[in-house]
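So the protein lines, in turn, are chains A and B.
Numbering (this note's numbering) for the first sequence: 20 to 277.
Numbering (this note's numbering) for the second sequence: 5 to 265.
It is worth saying that the hints were derived from the structure and are not from the lab.
Heads up, some of the hints might be wrong.
Said to hold, decoys possible - Sample of chain B residues at the chain A side, in silico, Cβ under 10 Å: (1) ILE32; (2) ALA52; (3) ALA148; (4) VAL190.
Note that beta-carbon positions come from the ideal geometry of N, C-alpha and C, so glycine has one too.
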Amino acid sequence: MTRPARLVWLGLLFHFKHLSRNAFAVTATTIWPLVYASLAYFMFQAGSEPEALLVASLGAAVMGIWSITTVEAADSIQRQRSLGVLELLVAAPTPFWTVLLPITIASSAIGIYSVVSTLLWGRLLFGIPLELEQPLLFALAIPPTIVSIGLLGFVMSSVIVRFRAGWAVGNMFEYPVWLVTGLLIPVALLPAWVEPISWVLAPTWGMRALSEAAFARGSPLEDIAMCLLLSAIYTLVGATLLGRFLESARRRATLSLT
Amino acid sequence: MTALRVALVGGLLSFRGLFSWLHPALFIPTLIVPPLFQVLFFAYLGRAAELESDTFYVVGNSIQLAALPGLFATSQAIAGERRAQTLAHLLASPASRLALFLGRSLPVMAIGVLVSLSSFAFGVLVLDVEIAAGALPLLVLTMATAAFSCAALGIAHAAIALRVRELAVFSNLVFAVLLVFCGVNVPLDDLPQWMSTIAQGLPVTHAVEAGRDVAAGAGLADVAALLGAELAIGAAYLLLGLALLRYYEFVARRRATLELV
Numbered sequence: 020m021t022r023p024a025r026l027v028w029l030g031l032l033f034h035f036k037h038l039s040r041n042a043f044a045v046t047a048t049t050i051w052p053l054v055y056a057s058l059a060y061f062m063f064q065a066g067s068e069p070e071a072l073l074v075a076s077l078g079a080a081v082m083g084i085w086s087i088t089t090v091e092a093a094d095s096i097q098r099q100r101s102l103g104v105l106e107l108l109v110a111a112p113t114p115f116w117t118v119l120l121p122i123t124i125a126s127s128a129i130g131i132y133s134v135v136s137t138l139l140w141g142r143l144l145f146g147i148p149l150e151l152e153q154p155l156l157f158a159l160a161i162p163p164t165i166v167s168i169g170l171l172g173f174v175m176s177s178v179i180v181r182f183r184a185g186w187a188v189g190n191m192f193e194y195p196v197w198l199v200t201g202l203l204i205p206v207a208l209l210p211a212w213v214e215p216i217s218w219v220l221a222p223t224w225g226m227r228a229l230s231e232a233a234f235a236r237g238s239p240l241e242d243i244a245m246c247l248l249l250s251a252i253y254t255l256v257g258a259t260l261l262g263r264f265l266e267s268a269r270r271r272a273t274l275s276l277t
Numbered sequence: 005m006t007a008l009r010v011a012l013v014g015g016l017l018s019f020r021g022l023f024s025w026l027h028p029a030l031f032i033p034t035l036i037v038p039p040l041f042q043v044l045f046f047a048y049l050g051r052a053a054e055l056e057s058d059t060f061y062v063v064g065n066s067i068q069l070a071a072l073p074g075l076f077a078t079s080q081a082i083a084g085e086r087r088a089q090t091l092a093h094l095l096a097s098p099a100s101r102l103a104l105f106l107g108r109s110l111p112v113m114a115i116g117v118l119v120s121l122s123s124f125a126f127g128v129l130v131l132d133v134e135i136a137a138g139a140l141p142l143l144v145l146t147m148a149t150a151a152f153s154c155a156a157l158g159i160a161h162a163a164i165a166l167r168v169r170e171l172a173v174f175s176n177l178v179f180a181v182l183l184v185f186c187g188v189n190v191p192l193d194d195l196p197q198w199m200s201t202i203a204q205g206l207p208v209t210h211a212v213e214a215g216r217d218v219a220a221g222a223g224l225a226d227v228a229a230l231l232g233a234e235l236a237i238g239a240a241y242l243l244l245g246l247a248l249l250r251y252y253e254f255v256a257r258r259r260a261t262l263e264l265v
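Next comes chain A alone, as it looks inside the complex (with noise of 0.2 Å):
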């Protein structure tokens, strides 16, 4: 069991190191997240709501951490094949979901820096209050959200391990995404049939723990424990697709093809 935990760990810390250093990444995590947030603080502003200007901060940073997973969790495993070590990976003794997970848990974890530039975006340039009122909750509440909304990504990059273009198929998923978990909109103004898809999500419950934190509108401990109940449940799912799709790409020997 610490075999595998220490795995995580140090892969985690490597990817993030090393996620941190490439320009795309950084430059999509802390920038790209301010746009959207300036364009919420802009039509919020000129609309009826000005309230809803600190919960477009909040809503953004969770829409930057979801992009960046979308994209760099995507791409993972066609990069290890694109750097010649993804049969040498898969061929190791080592389980591969220990190589897979840290990579996609990094790929959310740099989401970090879009909380930090919407936050600092939001009340430099709109003059938005950082004001939250359980400080404590809301720190204890990012690992969590972080945390799952990494695993969502080891899902999906489990399901397109076969896809030589896996960029492109997360890209796909970035704006339903932020569509449905109420990141931005809340999930009432949509049909009545989003609303179960977006329990399933962990955006949708990461941002409640951060929102029912900052503005203390109720206790964010169930949030954070939905966000670790399916953090377990994507942790065993992405395992199980993973075994299959790489057992049915060994089979028919394109691994390195696809």
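Given the structure of chain A, go ahead and fit chain B onto it with the hints provided.
Just chain B now, kept in the frame of chain A:
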């Protein structure tokens, strides 16, 4: 005749290369699905903010989405040549640079119109937006104008691909500027003055305004000045782009950095 062949055949092959070398189906997750959801996302965000009608967002975003192929496909046409290690051969050839690069932007413009139209149709159907059928031809013309100016901006920014390796970062930033500054989701009057002033010199701004006028019932005569301004801005970026391409090619040859950057 050779230049025309280089432009048409070369442009088409280059564009197909963006998708076909990998898989033609890639077109759907890159240029069809995300635009549809961009329209939906901002329409619902507009509803949440109680700012403008669905028509405002459907028209604005569908026209701005012409920039998606305009920026990314044009710049990747050059970056892709480098990746495939054919850029040096391409630039060593005696082919007209005008034909080479304009040819690469022609299919991009056509796809720009297709992306705009598909996202517009999706938005109209899903959000139940009402637009007179008679307005459609002029709306398509407006989209084509935006596709031209965005492809021209794409050429200007693709020239930078001859100098930098991580162009995707820059493409994203330019796309973001168009999304924020050009009145696509926030009326220009509600933006800070300096932003709406800058918007006057950017592609998309005038086309979006024209598109909304057309959706509201305006005729060609009413929006001719706006479309003319969009075309003029596109022409200016095209000239700038061709000049930049010539300059960066010269610098890259002199420093032997064409495939090293």
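Quick rundown of the hints versus the structure:
Checking ILE32 (chain B) against chain A: minimum C-beta separation of about 8 Å stays under 10 Å; hint holds. With its C-beta approaching chain A no nearer than about 5 Å, ALA52 (chain B) sits inside the 10 Å limit, and its interface hint holds. Taking 10 Å as the C-beta contact cut-off toward chain A, the hint placing ALA148 (chain B) at the interface is violated, the least distance being around 25 Å. Taken as an interface hint, VAL190 (chain B) checks out: its beta carbon lies about 4 Å from the nearest beta carbon of chain A, inside 10 Å.
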